[in-house]
Structures are given as C-alpha cells and as structure tokens.
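Student: All chains, full assembly: derive it from the sequences and hints.
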Amino acid sequence: MAIETKSKKTEKANGQVNGKGASSLFDAFDAVSGKKLEVLDPNGKVLHPEWMPDLDDELLLAGYKMMKYARIVDLKAVNLQRQGKLYTLPVNRGQEAAAVGSAMALRKDDWLVPAFREIGAYMWHGVPVETVYKWYLGLESGSVMPEGVNSLPTSVPISSQIPHAAGIGHAINYKGLDQVVLCYFGDGGTSEGDFSEGLNWAAVFTCPCVFFCNNNQYAISVPRDQQTKAQTIAQKAVGFGLPGIQVDGNDLFAVYRATKEAVDYARSGNGPVLIEAVTYRMGAHTTSDDPTKYRTSDEEKIWEPRDPLIRVKKYLLDKQLWTEKQETAYEEECAAKIDEVVSHVVGLGPNSIPELFEHQFETLTNSLAEQKRDIEEFLAWQGKRG
Amino acid sequence: MPVMTMVQALNNALDVKLADDPSVLCFGEDVGVEGGVFRVTEHLQKKHGTKRVFDTPLAESSIIGACVGMSVMGLRPVAEMQFDGFVYPAMNQIITHIARYRYRTRGQRNIPAVIRFPYGGGVKALELHSEAMEAMYGHIPGLKVVIPSTPYDAKGLMISAIEDNDPVIYQEPKRLYRATKQEVPDGLYRIPIGKAKVEKDGTDMTVISYGAMMHVCRKALEFLEKDHISVELIDLRTIYPLDWDTIAESVKKTGRVLVVQEGPKSFGVAAELIATINEKCFEYLEAPPMRLCGNDTIPPLPRSEDLYCPTPERVHYYCRKLADYQI
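Those protein sequence lines, which keep their order, are chains E and S. FYI, the numbering for the first sequence is 116 to 501, going by our numbering. FYI, the numbering for the second sequence is 6 to 332, going by our numbering.
None of these hints come from the bench; they were simulated from the model. From a predicted model like this one, the values you see are computed outputs, not experimental measurements. One or more of the hints may lead you astray.
Lysine-lysine pairs mimicking DSSO-like chemistry, simulated, CA-CA at most 27 Å apart [said to hold, decoys possible]:
| hint | chain 1 | residue 1 | chain 2 | residue 2 |
| --- | --- | --- | --- | --- |
| 1 | E | Lys-191 | E | Lys-440 |
| 2 | E | Lys-223 | E | Lys-452 |
| 3 | E | Lys-408 | S | Lys-52 |
| 4 | E | Lys-191 | E | Lys-180 |
| 5 | E | Lys-487 | S | Lys-224 |
| 6 | E | Lys-499 | S | Lys-326 |
| 7 | E | Lys-191 | S | Lys-326 |
| 8 | S | Lys-326 | S | Lys-202 |
| 9 | E | Lys-487 | S | Lys-326 |
| 10 | S | Lys-285 | E | Lys-408 |
| 11 | S | Lys-224 | E | Lys-499 |
| 12 | E | Lys-429 | E | Lys-375 |
| 13 | E | Lys-344 | S | Lys-56 |
| 14 | S | Lys-285 | S | Lys-326 |
Tutor: If you want it as structure tokens, here you go:
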C-alpha cells in the first residue's frame, strides 16, 4: 500500500480555525456556552428529540446489552476480589453509558486507547472478557489483544496514554488511512502535563483523535471542583483550538450522538475533539479504596436514580423493544457465560520460569539468561531438600 | 512507650515536624481529606489545617516542581508521590532541578525537600505499583536516598530527612507498612542519614540489605541458625550516602558477603556495594561477594511477583552457597 505523507484531508483542515461550521452540534454546544448535551432523561423520556442520534433498534439494543454485560462483569469482578480470587481492580459501576455509547461510534478498524475504567468500551471493541479478568488476576496475558482488535492495553499512569493516541492519529495521517482514535481518561487526568501536551499535539497536526474525558467527579478522593477551576472540562478544548462538548455521560444517546459526531468530524480531516462525559463513579476507585472517607452516602443516593442502565431500559420497555422476561433471560445468559470464563481464569497459575524472562527483549540478554539459570538452580536445590 | 506500625510511626514523624516547624508543608494526591491511600497522612489535615496539609491536582511534575519554588521561599516541602511507579512523570523536575539547584547556584539556593513514596512489591498491587528503583535515585548526583525497615527507624529517619538541607528521596517499604509493631518514642528523635545499623552480630558472613528485603533476610536467619551459620545482618537505612565504615568493618571481619536487593540486578545498589567492597576489602575476602536481586525485567504483575522478589528461601540458598565456597 502506498503511503501518502500528507493526505488531502489534512491540507483542507489546515485552513480551518477550530473546525467552525463543520459541525452544527459542536456549534450549538460550543464549549464556552457551558451547555450540556442531554437527550434522554433519567426516566427514559426523550428530552431533546432534535438531538436524537441516528441509532437503529438493533444497534441500540446491542448497546444496552453491552452496558448490562459490562455491569455484570464488573459486579462479578468485585465479588471475586472480595473472595480473594482476583487482585485489586478498578470499579466501573455507573460509567457504562459513557464507555459503551462512545465505543459504539467507532468502526471496527478504528483505534481504542483506554485508561483503566472502560471495560464496556474495551469489550464492545472486541476485547474478550477473559482478557479483562486476566488483567484483574495479575497476568500479563491480560494486556494481549486478540488479532484484529485495534486497542492499546490498559494504561495505569494517569493520562500517559493521551500522547499515544496523538501518535496513532499522527501515523494515520502519515499513512493516509481513514481511521479514528478514541482515547479515554478521567477528570483528574486533565491536570497532568500529558493531557495538555497530547491534545496540543493532536490539534497542531490535525490528528483524527477523539479525546473522551470520563468526568466521574472524583480522582480517588479529590472532587472535580478541586481538580480544576475551569467551569467545565470541555472548555479546556478552547485553548488548544479544538471543539469541546459536554454531554450527560449517563445518557447513552447523548454520549453516542456526540461521539459519533466527533468521530465523523475527525475522520473528515477536521482534527481532534474533546468530549466531557459527566458521570459518576458509583463504586470505589478500586477495591482497595473506601469512599466513605471522602463522600457522603447522601451524595451517592442522588446519583442512584441517574444510573445509566435504568433510563435505557425504560426507553426500550416503552418502545416495546425489550421485555422484563428478556431482561431476566439475558442476565442469566451473561452470568452463565461469565461463570464459565471465571472458572477457567481464576485457576490460572503464575507465569512459568521461561515466561518470566521472555518478552523483556526480542531475544534474551546474557544477564537475563543467567538470572533464569539462577532461579532454576535454586528451584532444583529446593526440590532436592523437599 | 507507644507501640506503632510503620504507617503510624511515619504519621507521627510528620505530625511532630508539622508542630515543630511552621515551614514544613505536607502535600500530594489524596493526602489531605483521605489521609493518603495508605493513611500515612491520616488526620494531619484536621490537626494542622488545609494550608499545611493539602490535596494537590493530579500532577506529579508540578508537585515536585512546586517544591523548588517553595524551597527558594524558605519552606520545607514534604511531597508525597502516591506510588513508586507514579514518580516517573516528575523525574524531569527531580533530575533537572531538585538534584541540581545547590550545585549550579554555588550553594545560594538549596532544596530541603523530602520526596516520599511507598515502594516495592509484595502486596499484590496493580501495574506500576511495585517498583524498587532506588538505584536510579542513588545514581542521580545531588539526591540523598533513605529507606527504613522498622517503625522506629522510619520515624527517626523521616525527622532527619525533613531537617536535612538537601533533597531526600524517602522510600517507604509498603509491604512493611503494617507488617510489624515496635515501641516508638513520642516527640523528636533522629536517626542520622548515612548511618547503617548492624542489626545482628555474626562471624561467618555479612548479609547487607535494606527496606522490605530486611524482613526477608530476618526470616532467612531462622533457617541459617538451624544450619549453624552465623550471619552478621546489616540494615543500610540510607542508600546514598552509603555508610562505608560499618560495611567495611563487618566484611573485614567475616570475609564473606551477600547483598540482597529487590530491584533489578544490573546496575543496582548491590552492584555499587560489591564494587566498593572489592575496592576497600579485597584482601580480606574469602569468597566472591554475592548478590540476590530482582530480575532485569519490569516487575511482573501480582500473579507472578513471588517469582521475582527475593524470598527467605532464596536468601537461605545464597547464604549456603556463600558459606560453602572454598578458594
């Protein structure tokens, strides 16, 4: 395949300032306006039909089922951690609409750049639940993507993945491809240097990146209003010269609508977009965290009825696209599938001695080879002693 | 005398210094309201106020960079990096400014900051929560590096670190945070930086370690006693500057030495120790100095970390090899 060093779409984009006029949605919800895109209210009623996404019943139902699946996978993981069968893991509950609604806007060949709290997006884009659980079990194989799944592995250091997304976008332009990159991070992550550097890079080089901030209100214990004095996180886009839009992150329709627009916008050569999804981490930061140290149960109760699953389900029931009977059957189906995976994964042992040393380099260095021999000798000595 | 875990002793050290010196500030991610993810700074904000003990934005480079400005203004910042693997975004500030200020300003500006963080594996934590990179800090000219292994030493060393007029990297062995309790005096006392401790006298060989690996060595001593091998155990307590007098005295006495470190073997603390032992004690050695270290790989994820970190059994094995060595 011939590589175009500079695609036509990039040349077109260079003449534009802030993509003005390229998207009526981004113009209507200009980041400076402080407006938030909402489509569905917490009761599943359509608040703003004019912003209803073009989402057919089949895709909508698939999206809901993935949200539900991600919820069950997450609850099961927390449960297994409590039983000592998995190690410390980040809790996803409450952020399923943001994760799934955004990933639904991607094509299969687009790129996903996750942080560590988007299993719904990860699995929608093709990462198997086995991989999620293997990572929770502390196995390196939990960072290995199946063939053809264009996703980076989980990134633990906050916002360090943002420049990676810019780099993928840069390479897409260089190669003249028409893929898009969707990159996740949190509200706390916007304070890191890598956030500013990555967004700036992507804007300067008109990279096809969608930067998706899961504003779940807390960076462990530090609330959003102590993280930044900006009125919204979406507004941070203005200084980098790219569109920013704030959406109700617990509204699958709003998330999908904004991300689809951003993906199309980026794919058309207009450059990156910043989306702020306003959501709530209903669980702890990780299974090691105790949220009672820094937030009240009254506050948590306010968010309970805003659970992203509730409103989609109500909408689907209303439209007769889904029934309680189907819901129960689907829950059972998910649980059975997860149990099967869990029964396989939790029995996996540690890496073997060769596995412990391979993959640090393409070929084993002399020092690694010696260290491997040392461990083998020790194990032999220990074996003889019984 | 109160009995404390290492977490409590560190908390107490910070509490005592905050009360003692109004120029001391404690800050970092989640250190204020939450009291730190390991609770090292618990209740300190309530007691000393939000101006003295505070949560920062999630920005490691700025947490350390701000220490430079605060130091210039006469404050003594005690900055927490939440985990060993999260110091890396701040390495630019540590290497290009914190470590260099005194030298490049000919002593006009010094950085009396403490950069403290939990380090090392053994607690089944997530990726980048199990790093033992003290050799990297020790290699940077201009940094002192301190690692305690007991609650008593943790408090005394922390007070010394805060009072030191040069920057101190203070690594806290997270697997020992609550592993043991010890009598720890109230009030101010100091363990000098740069002074190792002979924790146990012995005649057959010297085992040198520090931090979390001290606990591993202590357990190994139980096996070695049964083997009738008399081990002299040294706790370095400070990685830079190293206490050569204590080390040389012991090695000259025993003639055999094993260094146990958690971090990767190549270019590590053990390498530095053994090189200097060869320089200073060569004619006294009865066996080649040995080292038991982590591997030259990134720390494996929790499922496999037991195969990475030195264990009491492996210390035992190395001590036996060292004892059996005949020239």
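Student: State for each hint whether it applies.
Tutor: Hints, verified against the model:
1. About 22 Å separates the Cα atoms of Lys-191 (chain E) and Lys-440 (chain E), which keeps this hinted pair within 27 Å; it holds.
2. Distance restraint check for Lys-223 (chain E) and Lys-452 (chain E): the Cα-Cα separation of roughly 23 Å lies within the 27 Å cut-off, and the hinted pair is therefore satisfied.
3. With a CA separation close to 16 Å, the supplied pair Lys-408 (chain E) and Lys-52 (chain S) stays within the 27 Å bound.
4. Between the alpha carbons of Lys-191 (chain E) and Lys-180 (chain E) the distance comes to roughly 16 Å, so the proposed pair stays at or under 27 Å and holds.
5. With a CA separation close to 24 Å, the supplied pair Lys-487 (chain E) and Lys-224 (chain S) stays within the 27 Å bound.
6. Of the supplied pair hints, the one linking Lys-499 (chain E) and Lys-326 (chain S) holds, its CA atoms being roughly 15 Å apart against a limit of 27 Å.
7. Proposed proximity of Lys-191 (chain E) and Lys-326 (chain S) is contradicted: the alpha carbons are some 47 Å apart, above 27 Å.
8. For the proposed pair Lys-326 (chain S) and Lys-202 (chain S), the alpha carbon gap of about 25 Å is at most 27 Å, so the pair holds.
9. Proximity of Lys-487 (chain E) to Lys-326 (chain S) is assessed by CA-CA distance (about 17 Å); at most 27 Å being required, the pair is judged to hold.
10. A distance of roughly 53 Å separates the Cα atoms of Lys-285 (chain S) and Lys-408 (chain E); the hinted pair therefore is violated under the 27 Å criterion.
11. Note on Lys-224 (chain S) and Lys-499 (chain E): the hinted pairing holds, with a Cα-Cα distance of about 21 Å set against a maximum of 27 Å.
12. At most 27 Å may separate the alpha-carbon atoms for a hinted pair to count; Lys-429 (chain E) and Lys-375 (chain E) meet this at roughly 23 Å.
13. For the proposed pair Lys-344 (chain E) and Lys-56 (chain S), the alpha carbon gap of about 18 Å is at most 27 Å, so the pair holds.
14. Annotation: proposed proximity of Lys-285 (chain S) to Lys-326 (chain S) holds, straight-line Cα distance about 23 Å (limit 27 Å).
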